[in-house]
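First to last, the protein sequences are chains Y and Z. For the first sequence, position 200 matches number 200 in my numbering, and the numbering has no gaps at all. For the second sequence, position 58 matches number 1058 in my numbering, and the numbering has no gaps at all.
No lab work stands behind these hints, which were simulated from the structure alone. Mixed in with the good hints there might be a few duds.
Claimed, not checked - A short list of chain Z residues far from chain Y (calculated; beta carbon distances all over 10 Å):
id : residue
1  : Val1009
2  : Tyr1094
3  : Asn1111
4  : Gly1112
Unchecked claim - Have a look at the derived ranges for each label pair, beta carbon to beta carbon:
id : chain 1 : residue 1 : chain 2 : residue 2 : range
5  : Z       : Gly1142   : Y       : Thr228    : 58 to 64 Å
6  : Z       : Gly1142   : Y       : Tyr213    : 19 to 25 Å
7  : Y       : Ala310    : Z       : Glu1022   : 17 to 23 Å
8  : Y       : Gly201    : Z       : Gln1163   : 55 to 61 Å
9  : Y       : Asp184    : Z       : Glu1022   : 37 to 43 Å
10 : Z       : Gln1141   : Y       : Arg286    : 43 to 49 Å
11 : Y       : Arg124    : Z       : Pro1114   : 32 to 38 Å
12 : Y       : Gln159    : Z       : Gly1142   : 23 to 29 Å
13 : Y       : Pro313    : Z       : Gln1141   : 52 to 58 Å
14 : Y       : Ser107    : Z       : Leu1012   : 48 to 54 Å
15 : Y       : Lys192    : Z       : Pro1148   : 25 to 31 Å
16 : Y       : Pro200    : Z       : Glu1020   : 51 to 57 Å
17 : Z       : Asp1149   : Y       : Pro200    : 38 to 44 Å
18 : Y       : Arg146    : Z       : Glu1162   : 58 to 64 Å
All C-beta atoms in this analysis are idealised placements derived from N, C-alpha and C, irrespective of residue type, glycine included.
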Amino acid sequence: MIRASRAALGFLLAGCSWQQGALQPRAPKALAIARLGDFFFWIELVVWCAVVGAAIWAFSRAARRDRRGDEPLAAPSDSQQEHKLSRAVGASTVVSLLLLAVMLVASIATGRSLSDFGASPPVRIKVTAHQWWWTIEYLGRSPDERVVTANELYLPAGQPVELELTSADVIHSFWIPNLDGKHDLIPSHVVKTRMVAEKPGVYSGRCAEFCGYQHAHMDLLAVAVTPTQFEAWLAGQRQPGAEPRTETQRRGRELVEGEPCALCHNIAGTRALGGVGPDLTHFASRATLAAGSAPNDREALARWLRAPAALKPGAQMPAVPLSAADLAAVVDYLESLR
Amino acid sequence: MNVWRRCLVALLLAGIGACEREDRPFSDLSPLRDGERRDPSHFAQATGASHTPRNAFSVSEGQRLFDWFNCSGCHGGGGGGHIGPPLTDAAWRYGSSIEDVYRSIADGRPNGMPAFRGLIVDQQIWQLSAYVLGLSGRVPQGVNVSRPDGIGVGEPPVMRSEQTPHREQVNL
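Please build the complete structure, drawing on both the sequences and the hints.
Listed below in structure tokens is the structure:
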């Protein structure tokens, strides 16, 4: 039955991409929400069929009478007819109220089950939304275990993690439909929630609350990997940025440290210590640029650095005037930061 | 009829007046083609001394940058003064035009003000300068920041009455 309703909805949404969707739950919380959706879907389908069926029956009855040459239907003339009609209206009202009450109870029960927290899980992740990108911060047990990255949320599959969600500027909404419902992010207010991805996989998410000019380019990638891979990934992220190996990479690092880049971006192990732009320590390990605006390759990076406003108008990164050779060096260095 | 015509003219004037206020110069600051050199005055003309203090977007961007680049670390939240001098009063040591403020940020000043030339993009220095002028009510009221980004930093700059600048004497 559940599968049939998904198939029915799937047919209606055949044009949509399947990678990201609340109809394909991959986590207990998303499953609870999808089940509630199924439940509503079937109730609404029955009600819709009943209402449309009644309307068709009424129209066809009028048409039949017309063909037979009967008197057209008039307002009820005697009190018995009137009584019958008001009974029918009363019964439909009671049924509607009952169904709404059932849906309300189901909705509240689901809401309660979503906020039912057990013991605190070991992995705590702080997610901060910005115009128009995400800071992902693994808090760790002690400050030396802290890892900061951007726009990619790595999760150990099968293990719950604790998320602390907030916003740095305006109201955003954190939404990875395959894993959980939406969480609105209010500046200077922290929303705590749990998330667990059941199987390894890549689930895309995005900002789900209009937050300004580039709201549409504010993607988030949730990457669920096995717990061993997750630990290895965390250990890799704790390392400082890769040392430059070629002459151009060295030149690139000099430029990043000396030009305006360093005032906003952080690259661990260098003099770039800014804290307002995305952390670039392991920049080249990420799949996309500017929160999903472009693939992270040399060509797109050069385009982005030359004119951020051309790729993502309104993005808060300014264009830094660089010569072609310097630009190539910076690209070379950044793409070596694995 | 006459009233309508007047209303229409007033509306058009209001529209023209608001153009510069609402302008968001995202794209004409950026694309620098291979081998292209650009005179710094291009930026100054497009988005600098004459433009920023009359543009609400630039002034509010200046407010954001004031925190981003930790100006507030020395000059205090909202520029009220801390270990650096306050920026909200009428006393100016190094001149009170937007060009003077630009020079203070770009080249630094004695007793601790660092030079940010080359570290902050030119356009952003102009935005910061416009915000700093606004702190003492010296940009048009319709342009000034009406809502502070942070919590509890006092009244917004738009509430401040315009200060008449006077030169502050300092013993160095």
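Against the structure, the hints come out as follows:
No beta-carbon of chain Y is positioned within 10 Å of the beta-carbon of Z:Val1009; the least distance is around 32 Å. With a least beta-carbon separation of about 23 Å from chain Y, Z:Tyr1094 lies farther than 10 Å from that chain, consistent with its non-interface assignment. The beta carbon of Z:Asn1111 is kept farther than 10 Å from every beta carbon of chain Y, the shortest such distance being approximately 22 Å. With a least beta-carbon separation of about 18 Å from chain Y, Z:Gly1112 lies farther than 10 Å from that chain, consistent with its non-interface assignment.
Against the hinted window of 58 to 64 Å, the Cβ-Cβ separation of Z:Gly1142 and Y:Thr228 comes to about 60 Å, which satisfies the hint. Distance hint check: the CB atoms of Z:Gly1142 and Y:Tyr213 are about 22 Å apart, consistent with the given range 19 to 25 Å. Checked against the given bound of 17 to 23 Å, the beta carbons of Y:Ala310 and Z:Glu1022, roughly 21 Å apart, stay inside it. Look at Y:Gly201 against Z:Gln1163: about 60 Å separates their beta carbons, and that is inside 55 to 61 Å.
The beta-carbon spacing between Y:Asp184 and Z:Glu1022, approximately 28 Å, falls outside the hinted interval of 37 to 43 Å. Between Z:Gln1141 and Y:Arg286, the C-beta spacing of about 44 Å keeps the proposed range 43 to 49 Å intact. Distance hint for Y:Arg124 and Z:Pro1114: a CB-CB separation of about 36 Å, consistent with the stated range 32 to 38 Å. For Y:Gln159 and Z:Gly1142, the Cβ-Cβ distance of about 54 Å falls outside the hinted range of 23 to 29 Å, so the restraint is violated.
Distance hint check for Y:Pro313 and Z:Gln1141: the Cβ-Cβ separation is about 29 Å, which falls outside the suggested range of 52 to 58 Å. In this structure the hint that Y:Ser107 and Z:Leu1012 lie 48 to 54 Å apart at CB holds, the actual value being about 52 Å. For Y:Lys192 and Z:Pro1148, the Cβ-Cβ distance of about 27 Å falls inside the hinted range of 25 to 31 Å, so the restraint holds. For Y:Pro200 and Z:Glu1020, the Cβ-Cβ distance of about 54 Å falls inside the hinted range of 51 to 57 Å, so the restraint holds.
In this structure the supplied range 38 to 44 Å holds for Z:Asp1149 paired with Y:Pro200, their Cβ-Cβ distance being about 40 Å. At about 46 Å, the CB distance of Y:Arg146 to Z:Glu1162 disagrees with the hint of 58 to 64 Å.
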